[in-house]
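Residue-level listing of the chains:
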Amino acid sequence: MNPYLPILFMLIIATAFAVGALSLAMFIGRPKGGNERKLAPYECGIEPVVGEVRERFPVKFYLVAMLFILFDIEVIFLYPWAVVFRQLQVFGLIEMGIFLAILLLGYMYVWRVGALEWQ
Amino acid sequence: MDIYSAVPFSAWLALSGLLFTIGAIGFLIRRDPIVMFMCIELMLNAGNLLLVASARYRAVMDGQIYVFFVMTVAAAEVAVGLAIIVAIFRQRLDIDVDEMSEMRG
Amino acid sequence: MSIDLTTEFIKQNLWVSAPVWSLAAAAALVLLVGAFRPRSTHSLLPALGLIGVIVSGCVTVHASQIATAPLGMQSIDSFTVVFDLIILIATAIGIIISSPYVNRESLARGEYYALMMFSSSGAMLMGASDNFIMMFLGLELLSIPLYVLSGFRRLEGISQEAALKYFLLGSFASAFFVYGTALVFAATGTTSIAAALAANSGAMLTMGVGMVLVALGFKVALVPFHMWTPDVYEGAPTSVTAFMSVVAKAAGFGGLARIVAPGLSPNWHLLLWLLAAGTMIWGNLIAIPQQNIKRLLAYSSISHAGYILMGLLTLSRDSVAGVDGMSAVLFYLLVYTLMNFGAFAVVIVFAGSGDKAEDIDDYRGIARRSPLLAALMSVFLLSLAGIPPFAGFFGKLFLFSAAVQAGYPGLAVIAVLTSVMGVFYYLRVTVVMFMEEEPASGVADKPSVSASPTYGFVLGALAALVIVVGILAAPVLNWTAGGAESLTAGRPAASASVRYCALCRLQRFISRPFAFDCTELRNLRYR
Numbered sequence: 001m002n003p004y005l006p007i008l009f010m011l012i013i014a015t016a017f018a019v020g021a022l023s024l025a026m027f028i029g030r031p032k033g034g035n036e037r038k039l040a041p042y043e044c045g046i047e048p049v050v051g052e053v054r055e056r057f058p059v060k061f062y063l064v065a066m067l068f069i070l071f072d073i074e075v076i077f078l079y080p081w082a083v084v085f086r087q088l089q090v091f092g093l094i095e096m097g098i099f100l101a102i103l104l105l106g107y108m109y110v111w112r113v114g115a116l117e118w119q
Numbered sequence: 001m002d003i004y005s006a007v008p009f010s011a012w013l014a015l016s017g018l019l020f021t022i023g024a025i026g027f028l029i030r031r032d033p034i035v036m037f038m039c040i041e042l043m044l045n046a047g048n049l050l051l052v053a054s055a056r057y058r059a060v061m062d063g064q065i066y067v068f069f070v071m072t073v074a075a076a077e078v079a080v081g082l083a084i085i086v087a088i089f090r091q092r093l094d095i096d097v098d099e100m101s102e103m104r105g
Numbered sequence: 001m002s003i004d005l006t007t008e009f010i011k012q013n014l015w016v017s018a019p020v021w022s023l024a025a026a027a028a029l030v031l032l033v034g035a036f037r038p039r040s041t042h043s044l045l046p047a048l049g050l051i052g053v054i055v056s057g058c059v060t061v062h063a064s065q066i067a068t069a070p071l072g073m074q075s076i077d078s079f080t081v082v083f084d085l086i087i088l089i090a091t092a093i094g095i096i097i098s099s100p101y102v103n104r105e106s107l108a109r110g111e112y113y114a115l116m117m118f119s120s121s122g123a124m125l126m127g128a129s130d131n132f133i134m135m136f137l138g139l140e141l142l143s144i145p146l147y148v149l150s151g152f153r154r155l156e157g158i159s160q161e162a163a164l165k166y167f168l169l170g171s172f173a174s175a176f177f178v179y180g181t182a183l184v185f186a187a188t189g190t191t192s193i194a195a196a197l198a199a200n201s202g203a204m205l206t207m208g209v210g211m212v213l214v215a216l217g218f219k220v221a222l223v224p225f226h227m228w229t230p231d232v233y234e235g236a237p238t239s240v241t242a243f244m245s246v247v248a249k250a251a252g253f254g255g256l257a258r259i260v261a262p263g264l265s266p267n268w269h270l271l272l273w274l275l276a277a278g279t280m281i282w283g284n285l286i287a288i289p290q291q292n293i294k295r296l297l298a299y300s301s302i303s304h305a306g307y308i309l310m311g312l313l314t315l316s317r318d319s320v321a322g323v324d325g326m327s328a329v330l331f332y333l334l335v336y337t338l339m340n341f342g343a344f345a346v347v348i349v350f351a352g353s354g355d356k357a358e359d360i361d362d363y364r365g366i367a368r369r370s371p372l373l374a375a376l377m378s379v380f381l382l383s384l385a386g387i388p389p390f391a392g393f394f395g396k397l398f399l400f401s402a403a404v405q406a407g408y409p410g411l412a413v414i415a416v417l418t419s420v421m422g423v424f425y426y427l428r429v430t431v432v433m434f435m436e437e438e439p440a441s442g443v444a445d446k447p448s449v450s451a452s453p454t455y456g457f458v459l460g461a462l463a464a465l466v467i468v469v470g471i472l473a474a475p476v477l478n479w480t481a482g483g484a485e486s487l488t489a490g491r492p493a494a495s496a497s498v499r500y501c502a503l504c505r506l507q508r509f510i511s512r513p514f515a516f517d518c519t520e521l522r523n524l525r526y527r
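Protein chains in written order, with my numbering: chain A, 1 to 119; chain B, 1 to 105; chain C, 1 to 527.
Please keep in mind that the hints were generated in silico from the structure rather than gathered at the bench. Quick caveat: nothing in here was measured; it's all calculated off a predicted structure. Glycine included, C-beta positions come from ideal geometry on N, C-alpha and C. Take these hints with a grain of salt, some might be off.
The calculated label-pair distances, taken between Cβ atoms and stated as ranges, are [what the hints assert, rightly or not]:
#, chain 1, residue 1, chain 2, residue 2, range
1, C, Q65, B, F68, 29 to 37 Å
2, B, I34, C, G157, 35 to 43 Å
3, C, F36, A, A21, 32 to 40 Å
4, B, V60, C, F424, 49 to 57 Å
5, C, H42, B, F68, 37 to 45 Å
6, A, A65, C, A47, 31 to 39 Å
7, A, G114, C, L372, 17 to 25 Å
8, B, I29, C, F457, 47 to 55 Å
So these bits of chain A aren't anywhere near chain C, every CB distance computed over 10 Å [claimed, not checked]:
#, residue
9, A16
10, G20
11, E36
12, P58
13, V59
14, K60
15, D72
16, F77
17, P80
18, F91
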């Protein structure tokens, strides 16, 4: 069997799903007229935002996102450790403890300088 | 027959070389620092791809380990780079490297 | 699968990496203290940083006596020790010089010192690495804090511009490093530097090594990879510029030495030759018309990179030439640290609050107002120019004679000629300070520039060191020769018909008035 066959299947299924979902929506979900409520942008149960839609994000979002990326990516070092956890025994546990402690130091620093506060 | 024997190593090499070239050319011709930075990420990932592929073909794990470090370091670089760009953005509300030319000589 | 985890193994690992982690731990401590006691930034943190640097130096020396077995990732041989100590000296001077400066410019934050120390630990890792992975980590640990530091004057346009330029071009170079090492790994199947370079060469290996050299050439600002240097040096806070011009350069050369030492294929030597020649010529040529003192020093630092690369080239020859050359390189790095920090410290003092007076025109006739400072500046500039009896002269002398010795007479001639060009622009500043009249407007209301006690002490000490190291060049060179020895261990030995050791003769000549015995050094050379 050709190793690329699954990829072909995936392509076919993905295309079929996209086309199918869109055409189904066209047939059964065709909007019949509409009122003001219906045309307003949907905002998950809160009052819709008035004005320009492409609003700038507060810069604070970026700070949180950056911190998330940093702490998130460090976790990849846990994966190889988890694989050879048994062979590494106590040594591995201690090493990983040190690694996490260093991360924790970084977290303490971030906390202390107020990077986690929204205001 | 698995995918590794179906795809020759040269294909991975060519793909990574292509990605690296696209990144390098993009870096040189684009003037938006964020896009330039994305080009750098592309170049780094081209390196990652080559490392992972050759680690698999040579059955030496060093390449995989290297990739882990490259990924984490790249994340640190992203953080610093975006911080610099945001600091400039707060000051000037516009970023274009061609306008960053107070210093000449 | 079994993993050998004896206590001995773990202990060796810890000691081999001790120089790096001890300094990084000190940096982390400084960072946390700075965060938890924000008011302590003015005096406590620099003191803490200095203590950390000293402790790290002791740890380095101690570790070198315990850890001997090369573990494949990094090694703590005699080169590492000498190199690390030079980096630590530079870090200590950097911290001392920074502390009044950052207080004056209200940049005092705990992060400043911590970043500086992290950067130094990266530099130490680069000089100690036996493996491309380690070198990559060292390179990034060195560079990322420097990106932040060069943008530390957050609210000023040129500082931001410097940070962005340095960051973009630095990451571009890092990407070259990663892809280059990936190519080397693809070609040879190993990330160990020595093993990879010993493999039979092929197009892929050649390309990979070439890209790695480009990345390191960027770090040390070799022409044509130097474009970022003047802008970054001008825009960054002056204390950061001083630190960066010394530590980043030393780190890059440490990395280059680790790559050249195991035996780079001879085809590269021509390229390195051309890079060294181009860097010396172009750096000195463009320095001449500069009007800003920081840009002048930036181009001067580029030209010095050319001289040092010339010394590094000697590693390509046999072990005697290699020891000659590398001991000269380490000597030069030490001397360069002292004189460059000195020159930048004077720039900080003269520039005054807000870094206003940084043009060479601002130095006009300044000797009348503050003769001592002008004299100190002249000492550093003359040393940079390579005029005896200052240490810079002996640094250049050792490098040049090592290059001749190793069979690069052409390069040495270029170096001498470009040094003469260098004398011109260094002397120009001195002439402006001493011979020219101050502009008539506002002479009266300008107070004499006086250095704070810290700067008075640092400048005095640095100037004294520049002179003392010049006088005692022989023992210092002996020390650096010990460091060079471990690098050349793998090189072919000199032929039996012993080549004449020019350096040693020079040394004897220099040390005659001090009755210094250099037999030990000679034995080392002809072992």
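For each hint, the structure was consulted:
1. Checked against the hint of 29 to 37 Å, the C-beta distance between C/Q65 and B/F68 comes to roughly 33 Å, which is consistent with it.
2. The hint said 35 to 43 Å for the Cβ distance between B/I34 and C/G157, and at roughly 19 Å that hint is violated.
3. At roughly 55 Å, the beta carbons of C/F36 and A/A21 sit outside the given window of 32 to 40 Å.
4. Against the hinted window of 49 to 57 Å, the Cβ-Cβ separation of B/V60 and C/F424 comes to about 54 Å, which satisfies the hint.
5. Taken as a hint, the range 37 to 45 Å holds for the pair C/H42 and B/F68, whose Cβ atoms sit roughly 40 Å apart.
6. Here the CB-CB span from A/A65 to C/A47 is close to 36 Å, well matched to the stated 31 to 39 Å.
7. Judged by the Cβ atoms, the range 17 to 25 Å given for A/G114 and C/L372 is violated: they are separated by roughly 45 Å.
8. Restraint check, B/I29 to C/F457: a C-beta distance of roughly 51 Å satisfies the suggested window 47 to 55 Å.
9. At roughly 39 Å, the least C-beta separation between A/A16 and chain C is larger than 10 Å, which holds for a residue marked as non-interface.
10. For A/G20, the shortest C-beta to C-beta distance to chain C comes to about 42 Å, beyond the 10 Å cut-off, and the non-interface label holds.
11. No beta-carbon of chain C is positioned within 10 Å of the beta-carbon of A/E36; the least distance is around 47 Å.
12. The beta carbon of A/P58 is kept farther than 10 Å from every beta carbon of chain C, the shortest such distance being approximately 19 Å.
13. Interface exclusion of A/V59 from chain C stands, the closest Cβ pair being 14 Å apart, more than 10 Å.
14. A cut-off of 10 Å between C-beta atoms confirms that A/K60 is not in contact with chain C; the least separation is 17 Å.
15. Listed as a non-interface residue, A/D72 keeps its Cβ farther than 10 Å from every Cβ of chain C; the least gap is roughly 18 Å.
16. With a least CB separation of 13 Å from chain C, A/F77 remains clear of the 10 Å interface cut-off, as annotated.
17. Every beta carbon of chain C lies more than 10 Å from that of A/P80, the smallest distance being close to 12 Å; the non-interface claim holds.
18. The Cβ of A/F91 sits about 5 Å from the closest Cβ of chain C, inside the 10 Å cut-off, so the non-interface label is violated.
Checked against the numbered hints above, the structure violates hints 2, 3, 7 and 18; every other hint is satisfied.
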